[in-house]
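Each chain, letter by letter, is given below.
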Amino acid sequence: MSLIKEFIQFAKTRKKIWLFPIILLALILGGLVILTEGSAIAPFIYTVF
Amino acid sequence: MKVKSLSFHLLAMLLVLALAGALLEIGMRIAFARSMDFDIEMWKYAMLLKQPSSNPRIGHEHKPHSRAFLMGADVQINSIGLRDIERPAAKPQGVKRILMLGDSLTFGWGVEMADTPSRLLAQLFSAHGSDVDVINSGVGNYNTDMEVSYFFQEGVKLDPDLVVLNYYINDAETTPAQQTGFFRQNSYAFAFISGRIGILFRLLGSSPDWREYYQALYDDSNPGWARAKAAIARLAAYCRQRDIPLIVVNYPELHELTPYPFLDVTAKLRAAAFSSEADFLDLLPAVSDLEPKSLWVSPMDAHPNPASNRAFAKLLYDTITLKFATD
Numbered sequence: 001m002s003l004i005k006e007f008i009q010f011a012k013t014r015k016k017i018w019l020f021p022i023i024l025l026a027l028i029l030g031g032l033v034i035l036t037e038g039s040a041i042a043p044f045i046y047t048v049f
Numbered sequence: 001m002k003v004k005s006l007s008f009h010l011l012a013m014l015l016v017l018a019l020a021g022a023l024l025e026i027g028m029r030i031a032f033a034r035s036m037d038f039d040i041e042m043w044k045y046a047m048l049l050k051q052p053s054s055n056p057r058i059g060h061e062h063k064p065h066s067r068a069f070l071m072g073a074d075v076q077i078n079s080i081g082l083r084d085i086e087r088p089a090a091k092p093q094g095v096k097r098i099l100m101l102g103d104s105l106t107f108g109w110g111v112e113m114a115d116t117p118s119r120l121l122a123q124l125f126s127a128h129g130s131d132v133d134v135i136n137s138g139v140g141n142y143n144t145d146m147e148v149s150y151f152f153q154e155g156v157k158l159d160p161d162l163v164v165l166n167y168y169i170n171d172a173e174t175t176p177a178q179q180t181g182f183f184r185q186n187s188y189a190f191a192f193i194s195g196r197i198g199i200l201f202r203l204l205g206s207s208p209d210w211r212e213y214y215q216a217l218y219d220d221s222n223p224g225w226a227r228a229k230a231a232i233a234r235l236a237a238y239c240r241q242r243d244i245p246l247i248v249v250n251y252p253e254l255h256e257l258t259p260y261p262f263l264d265v266t267a268k269l270r271a272a273a274f275s276s277e278a279d280f281l282d283l284l285p286a287v288s289d290l291e292p293k294s295l296w297v298s299p300m301d302a303h304p305n306p307a308s309n310r311a312f313a314k315l316l317y318d319t320i321t322l323k324f325a326t327d
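Protein chains in written order, with this note's numbering: chain B, 1 to 49; chain Y, 1 to 327.
None of these hints come from the bench; they were simulated from the model.
Quick caveat, the model's predicted, so the values are computed rather than measured.
30 Å max Cα-Cα, derived BS3-like pairs, lysine-lysine:
no., chain 1, residue 1, chain 2, residue 2
1, Y, K4, B, K12
2, Y, K157, Y, K91
3, Y, K268, Y, K323
4, B, K5, Y, K2
5, B, K16, Y, K4
6, B, K12, Y, K2
7, B, K15, Y, K2
8, Y, K229, Y, K323
9, Y, K268, Y, K229
10, B, K5, B, K15
11, Y, K4, B, K15
12, Y, K4, B, K5
13, Y, K293, Y, K314
14, B, K16, Y, K2
Partial pick of chain B residues on the chain Y-facing surface, computed with a CB cut under 10 Å:
no., residue
15, K15
16, W18
17, L19
18, P21
19, L35
20, A40
21, I41
Cβ coordinates follow ideal geometry from the N, Cα and C atoms, glycine included.
All chains should be modelled from the sequences, with the hints used to inform the complete structure.
The following block contains the structure:
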């Protein structure tokens, strides 16, 4: 938690707030991959046709 | 001054996001150029090898002469839109032809052409000295109604001596429409992320898992199953009138084999085949003693691998030879 606070403080001081969305995106994507890896729970679903 | 600063930050965030999206797409195209990811590979299959059909009941079809490397296997489509060898239009003298109708299992998703059920069946005939063409007309994401529509438009031209309707539990789905949208049709990242979000929802219980999804297809309220039964009856009537044997073959769902959770679906399919006076074969006994995951093409894709297809082809061969011997 302190690491996150420290990072936010750093970003504010150094004016790097624009980095937040990309970090959030990377976290969401990474979480999605980790949570769903190796799962064969889905039926055969097709993206286009 | 504060507004100007805020605008600058927002603009920078948007630009960074756009750049990140572009980099993600490029990275995925490199990382997944040859992959075993079900969603990405099925997306490639749709974009590279499929096209909408002019017949709305067929829905979609393969692009003739197309080729791609999908799910670890080289896939080539021949001049008549089949994953099959080139054959003369007219049946050669003295040769029997078996037409395999079906979906991605018949197509041979995730296996080389030599390991598709059709080629393995042909090999068995050849090894026993019989001159039999086994034609693979399987197309991924076909349902029974689409397969039978294909048969009446194209399959009859191949002049089969035996028709095998290969059935998988999702063949009672309604006919899929092509889904459009720029990202859906152009982005690896979209295919991957949307697939993974779908899995996450199923893990969280807010979307049905494979068991619930497949079982629901056989609710009385599902029009897809009614259309599948009607298609079987239509195909059987045509074959009966022309003395062409028809076998409806049930491929087991490979997540769980003992106890098999869809015995009621198998019974419904058997009843539909028998009520249409077609033969019926259940392939579950060919693999029921085996560990399910040992039969899959990848840990996240329960399509049959070469070992499964060999077991299926053997049982199919034994049944067909018995049928031909008695008929």
